[in-house]
Structures are given as C-alpha cells and as structure tokens.
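Participant: Each chain sits in its own coordinate frame; assemble them with the hints.
In order, the protein sequences belong to chains A and B.
Residues 4 to 161 (my numbering) make up the first sequence, in order.
Residues 5 to 166 (my numbering) make up the second sequence, in order.
Bear in mind the hints are in silico, worked out from the structure with no lab data behind them.
Predicted model, so just to flag it, every value in this text is computed and none were measured.
Since no wrong hints were added, every one of them can be taken at face value.
What the simulated footprint calls covered on chain B by chain A, stretch by stretch (three residues with Cβ under 8 Å from a Cβ of chain A suffice, anywhere in the stretch; the number is not a length):
id, region
1, 44-52
2, 141-154
Examples of chain B residues toward chain A, derived with CB under 8 Å:
id, residue
3, 32
4, 33
5, 36
6, 37
7, 40
8, 59
9, 60
10, 63
11, 64
12, 65
13, 67
14, 157
Taking lysine-lysine and the DSSO-like style, the derived pairs with C-alpha atoms no more than 30 Å apart in a straight line are:
id, chain 1, residue 1, chain 2, residue 2
15, B, 139, B, 63
16, B, 139, B, 58
17, B, 139, A, 69
18, B, 58, A, 69
19, A, 69, B, 63
All residues carry an ideal CB built from backbone N, CA and C; glycine is no exception.
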Amino acid sequence: MGFLEWLESTEFAMWVAQSPSWFAYPFILTLHTVGLAMLVGASVFIDLRLLGVASAVPLEQLERLKSSIWIGFILNAVSGLIVLAAAASTLGTMKTFYLKLTFIVLALILDTRLRRLIFSDPVAFGGSHPPGPARTLAVLSLLLWAGAITAGRMMAYV
Amino acid sequence: MEFFSWLVQTPLADWIRSQSPWLWPLSETLHFIGLALLLGVAGIFDLRLLGFFKRVPVKAFKDALPWAVVGLGINFVTGMVFFIGSTYQYVPNWAWWAKVAFIAVAGVNVLIFETRFGDRAAAIGANQDTPLTLKMIGAVSLISWLSVLYFGRMMAFIGGTC
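Bound conformation, chain B alone (with noise of 0.2 Å):
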C-alpha cells in the first residue's frame, strides 16, 4: 500500500533506522517493561472485575489504572519505533495484523467499559459482586491483551520474518 510506502522512507524512519543500533535494543526492552506494566495493572483490574479480590471496592483499583495507561504509551511509541523504522518486516506478517487485531479488541472493550459502565462500576463497593456484562468486559479484556501478547511473541515465528 501506498502508505507503508510513503511511512517508511520518512525523514523519521530513516532517522530510526540510522540509530538502530542502540534505539532498536532500549525500544525492546522498554516494551518488555511496559507489557509488565501494562499486563499487572490491567490484569488485576479484570480479575476484580471477574469476582476476584471481591473485598476490594471497584474504584480503589480502578484508581490504579492511570498506570496501566502508561504501559501502553510506552508500548505504543516503542512500537512505533519497531513498525515505523521496519514497516516492511511486519506488514506482511499476519501474526502482526492478529496482534493489532487483538489491540482494538481490547481498545473498543475500554470504550464500551468507560462510557458505558465506568460508573456504575466504580459504585460497586466491597464485597459486592460484579454483574455478568461486566464480568464479560473483564474477561474480553483479559483474553485480548494475553492474545496481543501471543502474537506479539509469534511473530518471529509464524506468518513471515520478524
């Protein structure tokens, strides 16, 4: 397509590419950090959200989640460290597309959870259980990110060369 074209011959791709050598590492190993982030915080969110930890009101973890967002900024730039100065080594990847899929899966399950059922989730106190859509929205959200995470690791492996 026109645009991976068009991407990887900018000024920045080039620019990330010219660094590779120690930009490419430190990307790699701030992603692992972030996914520890990222995964931790948003995992345990689920889990109460599934009915685990069930003596802890919904809000006090929630409070927590401004962190899980942060693990996803450094996933996101990182990545795009990866993408922008490799396009062509994950465009025909389908193991890439699948892990994108799974991202909006996850990205969409955050929009119906905050404007559809962040407060009424967050007045859910403790030793209160959670509803079933909730419980859904924890498991959705749940399974997604673990599945960014197997296609993320798979790529190197199935689907083309990473």
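Here chain A stands alone, though its shape is the one from the complex (with noise of 0.2 Å):
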C-alpha cells in the first residue's frame, strides 16, 4: 500500500470524505475558500497598490497585511491537506494539484521577496508610480494567484 492510499484509508480522512456532518468536507472546504480570500485577496491589494489604485494608502500601513496573509496560507495549508487527505489517492496524482502547488510556491516566494523589498524603503516605493521592479513583480504575483486558483479549479476537471 502506497503513502496516499495509507493516508486516504486513515480514520481521520475516512471521516471527512463520508461523514455527513457539515463539520467535516463542507466546512472544511468552506475554510479553504476564505483562507482564500484573505491570503489572494491580501496580497492582490497588494498588488493593486503598486500599480497605482489606491495610491493615497500609505504603502508603509500596508505590511499589516501580512497577518492576513499568514492566517490565510495556515488555514489552507491545514484545510487544503485534509482536502487532500480525503482524497489522496484521486488527488495526490493528478498532474492539475501538481501544478496548483508549483504557482502556490512561486507566488509565495515572489511575494515575499516583492514586500521584503518594497517595504524596506517604503518612501522610494510608495508613490502613485513605483519604480518598475515592483510594478513587474506585482503584475506576476495576479498572475500566478490567477493561475493558481485556475489549476484549483481545474482539478474538479482534469
């Protein structure tokens, strides 16, 4: 027996794929949607910031953020796991949740290197225009939250 049908035979995640309590896969489903909000929706205003909307925020009041951004990764690392849990097998080798993890990880990085760097010298990047690095990196950091709520999405299909 291999490790993703050993975790899918677990009681634990034997539980959230039957149970019909709205306590195990509905709910947990439901977390991983606004932990999708707030870690997507946090770092895209973020985003939105650097390519100008808003440009009355002071960018420094921003990297309280970051909080939302954590408690949004922590409960869909913690949910999207048990996701997976339930069903590990069908999952854990679908090349679209592959995929999913690799723009998960590349927006993460790029992220956290974008606000290492912008808010190291809020002053510099934080006017109406900011200096083009952060603009590109912003435009990449949509794109890779685009595409990884698109393989999500896609895992329901392919």
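Facilitator: As structure tokens, then:
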C-alpha cells in the first residue's frame, strides 16, 4: 500500500470524506475558500496598490496585511491537507494538483521577496507610480495567483 | 414559476448549455478570481470602517472600491452563466436562496452607506476613529459577504444537488 492509499484509509480521512456532518468536507472546503480570500485578497490589494490603485494609502500601512496573508495561508495549508487526505489517491496523482502547488510556491516566494523589497523603502515605492521592478513583480504576482486558482478549479475537471 | 421555465428555454440558455464543456469551468475559475478581488478589496475597506488600519484615511481605501465592483461584476456575469444555463439546479436549493438573500443584504447595506454616509465616511482622516453606525455597516458588509461565500460553497452539499 502506497503512502497516498494509506493516507486516504486513515480514520480521520475517511471521516472527512464520508461523514454527513457539515463539519466534515463542506466546512473544510468553506474554510479553504475563506483562506483563499484572506491570502489572495490581501496579496492582490498590495499588488494593486503598487500598480497605482488607491495611491493615497500610505504603503507602509499595508505591511500589516501580512497577518491576513499568513492566517489565510495556514488556514489553506491545513484545510488543503485535510481535503487532500480525504481523496489522496485521486488528487495526489493529478498533474493539475502539482501545477497548482507550483503556482502557490512561486507566488509565495515572489510575494515574500516583493514585500521585503517595498517595505524596506516605503518612501521610494510608496508613490503613485512605483519603480518598474515593483510593478513588474506585482503583475507577476497577480498572474501566479490567477494561475493557482485556475489550476485549483481545473482539478475538478482534469 | 413561469419565469424560470421561460428562462431555461431561452436561446441564451441553449447556447450556454451547448458551450458548457469550456464555458462552465472558465466561469467557475473567474467566479473564484472575482471572489478574491471582491472580498479582498471590500474586506479591507470594511476593516477600516470597523476600526482597523486607523492610520489610513477612509477615503484612501475607498479609492480602491471600484476594483471590488469589478470583482462583483465578474461574479454577477459568471453567476448568470450558471443560473441561466442550469436554472433548475439552483431554484429548488435553499442554500442558493440564502446566498441570494445575503447578496441582497450586502447590496442594501452598500446603498445605505453610499446614499447616507458616503461623504461623512470619506471625511474621516488618518488617526480618526469611525462612529458606531459606520462600524455596524462594516460589520454587516463583512458578515454578508462571508455568508454569500459560505452558502455558495454549501449549495453542493445542502438543500438539494448542485
């Protein structure tokens, strides 16, 4: 029995997959969507700000969005692992799942570097038209999150 | 109801169904992207109304709201693709009606805010707290949109099949 089959056969994974309780699969899937809004929503806001949206918002104030980003990330890592466990042998062998993971890892690395760059010098990056590299990274960040969401949704089809 | 049986037979509904192999997954993907945009941008504004990010003037966050409207627009159009293409998947589902009801609550809340408190809110500057009415409007907005998300997700599990 491989790892994925073992994971799927654990008592907890079977409860998640089969229990009619709202706290099993439906609730965990809802948490995954709330986490998406917190993680991607906050990241997108920083990206939009760098692209000139709401430029009256002092850039350094957005550093506090990091808490929303990390809570959203932890929520989705945990809920994602639980959903994965419930259908490990199916989801764990899907190319779209690994594509989604790749997009997420790239987006997280890029966003971390982007935030380090802009918050190290909020005056230089805080204008209505921030320096080119920050804007390029912001566009890339938006594309990577769109890619992650697209790949995630495609898991229901491909 | 007659309206629903008419809607589901319109040429547009036929077209949506004939294109569903690509149109449905595309619309679902865009629906999630719209969700992130709407909840991200509107949620941050709601948090300011609730008293977070006090160092930022309310007007500064308000400038971003057109992007929440873009998210709402994406989700309205893609939501209509689902509803027109597959009306009877949704009409018997009470979770769908709950979702629509919370969209209405959020909509009325926005109308009350824009017509009665918009100017007053925009005048709240950096380091100024918001009055209780605006805190309530922010709370109603945040709770409504999260409820829309919850019942949208629940449609597949409760109150019928989706």
